[in-house]
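Which chain is which? The protein sequence lines are A and V, in order.
Here the first sequence is numbered in the UniProt record's numbering, starting from 1 and rising by one per residue.
Here the second sequence is numbered in the UniProt record's numbering, starting from 1 and rising by one per residue.
In case anyone wonders, no lab produced these hints; they're calculated from the structure.
One thing to keep in mind: the hints can contain errors.
In this list, chains with the same sequence are indistinguishable; a pair is considered to hold if it fits within one copy or across any two.
[To be verified] Mimicking BS3-like on lysine-lysine, the simulated pairs with C-alpha atoms at most 27 Å apart in a straight line are:
(1) Lys-124 x Lys-214
(2) Lys-62 x Lys-132
(3) Lys-132 x Lys-26
(4) Lys-148 x Lys-53
(5) Lys-62 x Lys-213
(6) Lys-214 x Lys-196
(7) Lys-214 x Lys-148
(8) Lys-53 x Lys-186
(9) Lys-132 x Lys-104
2 protein chains.
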Amino acid sequence: MADEVILLDFWASAFGMRAKIALREKGVDFDLREEDFSNKSPLLLESNPVHKKIPVLVHNGKPVCESLVIVQYIDETWGPESPLLPSDPHERARARFWADYVDKKISSRRVARASTGAALDAAKEEFIEGLKVLEGELGDKAYFGGEKFGYVDVSLIPYYSWFYALETLANFNIGEECPKLEGWVKRCMQRESVAKSLADQHKVYDLMLERRKKLQAQ
Amino acid sequence: MADEVILLDFWASAFGMRAKIALREKGVDFDLREEDFSNKSPLLLESNPVHKKIPVLVHNGKPVCESLVIVQYIDETWGPESPLLPSDPHERARARFWADYVDKKISSRRVARASTGAALDAAKEEFIEGLKVLEGELGDKAYFGGEKFGYVDVSLIPYYSWFYALETLANFNIGEECPKLEGWVKRCMQRESVAKSLADQHKVYDLMLERRKKLQAQ
């Protein structure tokens with residue numbers, strides 16, 4: 001019997017993109033279902049009763065929630081010949097540390113939702129500072145893990161979808177701040193798994209404007 | 001050559017306790033080094049230059065940071081005959097989800113640092129709500145993973161050290177709110193790995209009072 005793989009997603013979510021990239025890296029066919037947050041599907045509410053958030057991967061009826069947990073699940077379930085996490089335990093720990101760093105420090109949401117000039121400046125500064133630390137870790141390597149695209153790359157590259165919106169809103173240039181990351185973005189974008197999974201930067205910008213309008217109206 | 005295993009720690013840290021429990025579950029001998037936060041050791045600054053926080057596990061000169069990353073590293077490195085994470089990928093994902101939930105929702109720090117009555121009430125309510133969700137997940141099982149003590153138990157049980165301090169400060173009774181968790185605490189505390197790693201509840205209470213005094217003086 002073929003696997004039934006469903007991904008509950010929202011097109012502009014960096015977390016959802018992580019799951020899509022990982023599935024595509026592994027060559028897994030999946031049924032992509034877009035959620036409407038104002039009317040969440042019964043499957044979403046049932047599969048992620050705790051957080052009620054996307055992404056959720058439903059594999060043969062069993063749900064997996066939280067994007068980094070999903071990426072690790074995908075890595076352990078499919079395509080052992082093209083692993084996303086390294087096999088050496090210390091290298092694995094290192095990859096998990098940096099993916100956790102991305103989760104804690106890189107928040108496009110904080111920049112996108114800043115409601116005052118001061119909050120925007122603070123969020124922008126923290127965002128750039130986080131990217132610079134990541135740029136330091138990348139150094140002259142092709143990818144975070146070395147020569148091969150892997151777990152940390154999957155966790156970070158989705159934010160590229162949000163770069164144009166954030167740069168335009170907060171008036172900065174990520175490429176100028178982090179030239180090595182810019183080169184890394186180009187390498188990642190050459191992969192079909194990434195190019196196919198990332199949202200269009202201009203659509204994300206429009207979404208951000210729309211959401212900011214709603215927030216301001218509240 | 002014998003392994004050199006150093007743990008940089010602070011006695012009252014729930015995160016440090018996770019690492020100690022995991023090492024003791026695996027029967028690993030380690031050199032426990034207490035950090036002085038007002039004068040951090042060169043080894044700490046060098047091993048965790050990003051966060052400069054304990055716990056850090058230094059194994060044969062290689063550092064591993066972030067408590068859940070450390071616990072997974074320990075699980076992958078020592079004692080495969082007594083695993084903390086289950087071998088089935090879906091069960092592993094489930095364990096990672098709940099450990100992540102503990103990290104996001106259970107914050108003794110938020111309760112302990114609340115500076116006003118309203119902030120304390122809000123932090124207490126969130127803390128209890130988080131524990132109740134965990135109680136629901138535990139249900140009638142002996143441990144979160146079923147019959148065996150494992151990853152989610154390691155991630156949560158250290159907070160027991162803080163229960164007395166939080167209950168006294170915020171005037172509530174965790175056992176009354178979550179009777180099943182109370183039974184689980186007793187089972188966990190019967191394990192040498194846990195009993196030996198958890199800080200004394202009264203010492204933690206004294207530390208909390210001291211810290212609150214300093215915060216109020218600021």
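Hint check results:
In this homomeric assembly, Lys-124 and Lys-214 come within 27 Å of each other (Cα to Cα) only inside a single copy, at 21 Å, whereas the closest approach across copies is 31 Å. Proximity of Lys-62 and Lys-132 under a CA criterion of 27 Å is satisfied inter-copy only: 23 Å between copies versus 38 Å inside one chain copy. When the C-alpha separation of Lys-132 and Lys-26 is checked against a cutoff of 27 Å, the pair qualifies neither within a copy, at 30 Å, nor between copies, at 37 Å. In the homo-oligomer, the alpha carbons of Lys-148 and Lys-53 never lie at most 27 Å apart, since the shortest distance is 31 Å inside one protomer and 30 Å across protomers.
Taking CA atoms no more than 27 Å apart as the test, Lys-62 paired with Lys-213 passes in neither setting, with 38 Å inside one copy and 49 Å between copies. Taking CA atoms no more than 27 Å apart as the test, Lys-214 paired with Lys-196 passes in neither setting, with 29 Å inside one copy and 53 Å between copies. Proximity of Lys-214 to Lys-148 under the C-alpha cut-off of 27 Å is found in neither arrangement, the shortest distances being 42 Å within a copy and 49 Å between copies. In this assembly of identical chains, Lys-53 and Lys-186 lie within 27 Å of each other by CA distance neither inside one copy nor across copies; the values are 30 Å within and 34 Å between.
Taking identical chains as interchangeable, the C-alpha atoms of Lys-132 and Lys-104 lie at most 27 Å apart whether they share a chain (14 Å) or sit on different chains (25 Å).
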